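Participant: If you want the building blocks of each chain, they are given just below.
2 protein chains.
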Amino acid sequence: MSIEAASTVHVDLGERSYDILIGPGLIGNAGEAIASRLKGKRMAVITDEHVGAIYLGPLTESLAAQGISVHPLTLPAGEKTKSFAHLMTVTDHVLDAKIERNDAVIALGGGVIGDLTGFAAGIVRRGTRFIQIPTSLLAQVDSSVGGKTGINARQGKNLIGVFHQPDLVLADSDTLTTLSPREFRAGYAEVAKYGLIDKPDFFEWLETNWRDVFAGGDARIHAIAVSCQAKADVVAKDERENGLRALLNLGHTFGHALEAATAYDSARLVHGEGVSIGMTLAHQFSARMNLASPDLAARVEAHLRAVGLPTRMDEIPGELPPAEILLEAITQDKKVKSGKLTFILTRGLGESFVADDVPASEVLTFLREKRG
Amino acid sequence: MSIEAASTVHVDLGERSYDILIGPGLIGNAGEAIASRLKGKRMAVITDEHVGAIYLGPLTESLAAQGISVHPLTLPAGEKTKSFAHLMTVTDHVLDAKIERNDAVIALGGGVIGDLTGFAAGIVRRGTRFIQIPTSLLAQVDSSVGGKTGINARQGKNLIGVFHQPDLVLADSDTLTTLSPREFRAGYAEVAKYGLIDKPDFFEWLETNWRDVFAGGDARIHAIAVSCQAKADVVAKDERENGLRALLNLGHTFGHALEAATAYDSARLVHGEGVSIGMTLAHQFSARMNLASPDLAARVEAHLRAVGLPTRMDEIPGELPPAEILLEAITQDKKVKSGKLTFILTRGLGESFVADDVPASEVLTFLREKRG
Chain C
1 MSIEAASTVH VDLGERSYDI LIGPGLIGNA GEAIASRLKG KRMAVITDEH
51 VGAIYLGPLT ESLAAQGISV HPLTLPAGEK TKSFAHLMTV TDHVLDAKIE
101 RNDAVIALGG GVIGDLTGFA AGIVRRGTRF IQIPTSLLAQ VDSSVGGKTG
151 INARQGKNLI GVFHQPDLVL ADSDTLTTLS PREFRAGYAE VAKYGLIDKP
201 DFFEWLETNW RDVFAGGDAR IHAIAVSCQA KADVVAKDER ENGLRALLNL
251 GHTFGHALEA ATAYDSARLV HGEGVSIGMT LAHQFSARMN LASPDLAARV
301 EAHLRAVGLP TRMDEIPGEL PPAEILLEAI TQDKKVKSGK LTFILTRGLG
351 ESFVADDVPA SEVLTFLREK RG
Chain R
1 MSIEAASTVH VDLGERSYDI LIGPGLIGNA GEAIASRLKG KRMAVITDEH
51 VGAIYLGPLT ESLAAQGISV HPLTLPAGEK TKSFAHLMTV TDHVLDAKIE
101 RNDAVIALGG GVIGDLTGFA AGIVRRGTRF IQIPTSLLAQ VDSSVGGKTG
151 INARQGKNLI GVFHQPDLVL ADSDTLTTLS PREFRAGYAE VAKYGLIDKP
201 DFFEWLETNW RDVFAGGDAR IHAIAVSCQA KADVVAKDER ENGLRALLNL
251 GHTFGHALEA ATAYDSARLV HGEGVSIGMT LAHQFSARMN LASPDLAARV
301 EAHLRAVGLP TRMDEIPGEL PPAEILLEAI TQDKKVKSGK LTFILTRGLG
351 ESFVADDVPA SEVLTFLREK RG
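From first to last, the protein sequence lines stand for chains C and R.
For the first sequence, this note's numbering gives the first residue as 1, with consecutive numbering after it.
For the second sequence, this note's numbering gives the first residue as 1, with consecutive numbering after it.
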């Protein structure tokens with residue numbers, strides 16, 4: 001049987017080009033999809049305890065049917081797994097499994113497993129083949145595409161890592177049926193982001209059709225495919241984030257600061273929720289800087305609220321640190337250049353741009369006011 | 001004052017191109033050489049306790065005179081510093097020093113400090129600017145050129161790392177005057193290697209002039225410059241070691257196995273000594289496989305012995321593990337492809353080539369015989 005995915009997105013990066021297959025049933029057919037593209041017969045599979053309990057069995061069976069020996073490693077679920085200690089565990093496992101250059105390391109899980117595993121694959125033997133099987137909406141539309149990998153540091157999120165492109169991405173839409181509503185919504189924040197960056201028509205389509213996207217089926221696969229294509233287009237133009245790619249950080253500078261302020265405690269805030277609040281703040285701050293209308297900020301906030309996402313800092317349970325500390329978290333963010341603050345702001349619906357000379361004092365006043 | 005180095009080698013890697021300055025007095029003028037090329041005003045300097053005691057002062061002074069703030073970190077000397085634990089110490093230091101994208105991380109030391117620091121620079125913020133100030137002959141002619149960085153793993157040497165090119169290399173020949181004769185000889189093994197790979201004239205020149213190279217002065221600077229140029233030429237053609245670059249591993253597959261077998265104990269064996277024994281073994285094995293004459297192997301061994309380098313396994317103090325264990329160390333080596341053994345062998349003086357289908361059984365028999 002040949003593998004037919006409902007949708008295929010090609011990421012065009014010269015000799016590092018690869019396909020993203022999107023659709024139902026891909027994990028059960030992973031062996032064929034992989035064996036038709038890679039020669040290797042040994043694969044290390046890195047997963048977490050939640051995802052592994054459901055999908056490691058079917059994946060292993062599918063790989064074994066192609067004569068591929070599977071070397072699984074199951075890690076704790078959660079953001080704290082993106083650490084140096086777990087990175088060492090993964091590289092040690094991959095080396096013990098004697099994964100060679102034609103073999104591959106497979107990430108089976110959400111963004112945490114994908115980022116950690118991709119980093120490990122990027123540094124074992126200075127670069128080992130790597131396959132992403134993202135099982136969360138967030139990972140399917142964002143973190144599994146584009147080659148950014150990494151772990152968190154004491155000083156901030158994703159501050160340590162490498163660019164390492166996968167050889168193949170299998171986005172099995174069946175895995176999304178087991179996500180909690182909260183997790184699905186968090187991933188949806190990144191879907192909406194692509195509309196807000198430079199696809200006003202897509203954002204309008206989401207305003208009309210978001211219930212179908214949440215229900216599953218064709219609208220969901222369409223939303224994932226448009227998102228992957230949007231990210232692939234940006235990455236193809238700017239693989240190493242020297243310019244354009246920064247647009248993908250819309251909502252992320254505020255969002256990362258809030259994640260740091262809540263100590264990456266997912267009970268309080270998950271990444272996509274931080275991005276939702278961050279995108280709202282970015283539009284409000286754009287209005288305050290007279291770049292866009294307050295109506296646009298209200299429209300964006302209304303859509304994010306409609307799907308059930310948080311949009312205000314005071315929705316985060318527990319106490320937030322003072323605005324000064326939030327600003328400090330922003331200035332330690334990796335997008336800082338020579339002490340100036342860089343934000344993604346907007347001039348209208350789907351008209352985002354990189355503003356790299358934002359006065360810290362304006363941001364501080366704004367944060368004080370919005371923190372309440 | 002403009003900086004005039006005795007010799008400059010340009011490494012041509014498109015937008016990642018950089019210069020290697022070679023000559024006396026470069027550390028004292030490092031500030032000017034760096035400030036004329038990089039805009040950043042914050043630099044983390046990573047060094048070890050031996051090198052730092054001599055050169056950290058003059059380097060800091062030279063950078064401070066250009067208004068550059070210096071954030072030094074001194075680590076223990078020795079191969080054991082190429083570990084995950086020290087990698088974490090360096091990345092933590094660089095993040096705490098708030099080194100941004102226009103700033104740089106400087107490696108001041110030998111190959112260990114260069115490899116570790118380059119790896120840290122390669123992963124902080126997914127790539128931070130990096131300057132090499134190599135203070136050993138080995139680092140000047142080999143490890144500081146070409147962008148290979150990394151640490152050792154339990155399973156073998158340099159198994160974890162990234163390709164990360166420096167922005168500048170300052171090879172101050174004055175630093176070689178404080179090397180022990182043993183250290184200088186170890187670096188010389190890599191100099192001789194470039195002749196044996198594809199520069200028979202250079203090898204002949206070394207046979208005649210090696211005493212002048214050891215004495216210092218112009219012959220030494222010439223030998224360093226030819227070596228850097230030889231490596232730069234190979235790297236420019238094959239940055240990521242997909243083919244040609246493997247030639248630089250002449251002597252290294254046997255050498256790494258011997259280093260692993262002696263637990264990286266520098267009292268027993270240092271890298272260059274392993275390479276010297278490894279190059280001799282590679283020429284002897286080439287003769288055994290009827291690729292080259294036994295006379296050539298004898299000639300190569302005679303030159304390496306003349307300068308005082310070891311060429312036989314039984315010169316390594318202490319007991320070596322059995323040949324089977326040495327072979328195992330070779331097969332875990334990162335140059336393995338699909339279980340076949342890859343060696344750099346030769347067809348004549350300066351006629352090395354990549355042999356990627358060497359039978360393990362032949363190697364085992366050879367190792368048994370040579371181990372004695």
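Be careful, since some hints might not be right.
Quick list of in silico lysine-lysine cross-link-like pairs, PhoX-like style, CA-CA up to 20 Å [stated by the list, open to error]:
| id | chain 1 | residue 1 | chain 2 | residue 2 |
| --- | --- | --- | --- | --- |
| 1 | C | Lys41 | R | Lys340 |
| 2 | C | Lys199 | C | Lys237 |
| 3 | R | Lys98 | R | Lys39 |
| 4 | C | Lys39 | C | Lys80 |
| 5 | R | Lys340 | C | Lys39 |
| 6 | R | Lys340 | C | Lys340 |
| 7 | R | Lys199 | R | Lys237 |
| 8 | C | Lys98 | C | Lys41 |
| 9 | C | Lys98 | R | Lys340 |
| 10 | R | Lys41 | R | Lys98 |
| 11 | C | Lys340 | R | Lys41 |
| 12 | C | Lys340 | R | Lys98 |
By construction, these hints were calculated from the structure, which means they are not laboratory data.
In this text, all values refer to a predicted model and were calculated from it rather than measured experimentally.
Participant: Hey, Lys340 of chain C versus Lys41 of chain R, does the alpha-carbon distance stay inside 20 Å?
Facilitator: holds, 14 Å
Participant: Run the distance test for Lys41 of chain C versus Lys340 of chain R: straight-line Cα separation, threshold 20 Å.
Facilitator: holds, 14 Å
Participant: With a cut-off of 20 Å on the C-alpha distance, tell me whether Lys98 of chain R and Lys39 of chain R pass.
Facilitator: At roughly 15 Å apart (the allowed maximum being 20 Å), Lys39 of chain R and Lys98 of chain R satisfy the hint.
Participant: Is Lys98 of chain C within 20 Å of Lys41 of chain C, Cα to Cα?
Facilitator: holds, 11 Å
Participant: Could you grab the alpha-carbon distance between Lys340 of chain C and Lys98 of chain R and see if it respects the 20 Å cut-off?
Facilitator: holds, 13 Å
Participant: What's the verdict on Lys340 of chain R and Lys39 of chain C, does the C-alpha distance respect the 20 Å limit or exceed it?
Facilitator: holds, 15 Å
Participant: Taken at face value, is the distance from the CA of Lys340 of chain C to the CA of Lys340 of chain R at most 20 Å?
Facilitator: violated, 53 Å
Participant: So if I understand the rule, the pair passes when the alpha-carbon distance is 20 Å or less; does Lys199 of chain C with Lys237 of chain C pass?
Facilitator: At roughly 17 Å apart (the allowed maximum being 20 Å), Lys237 of chain C and Lys199 of chain C satisfy the hint.
Participant: With the threshold set at 20 Å, check whether the alpha-carbon distance from Lys98 of chain C to Lys340 of chain R stays at or below it.
Facilitator: holds, 13 Å
Participant: Would the pair Lys39 of chain C and Lys80 of chain C pass a check requiring their Cα atoms to be no farther apart than 20 Å?
Facilitator: violated, 34 Å
Participant: Holds or violated: Lys199 of chain R with Lys237 of chain R, Cα cutoff 20 Å?
Facilitator: holds, 17 Å
Participant: Lys41 of chain R and Lys98 of chain R were given as a pair; does the straight-line alpha-carbon distance stay at or below 20 Å?
Facilitator: holds, 11 Å
The structure shown violates the earlier hints numbered 4 and 6.
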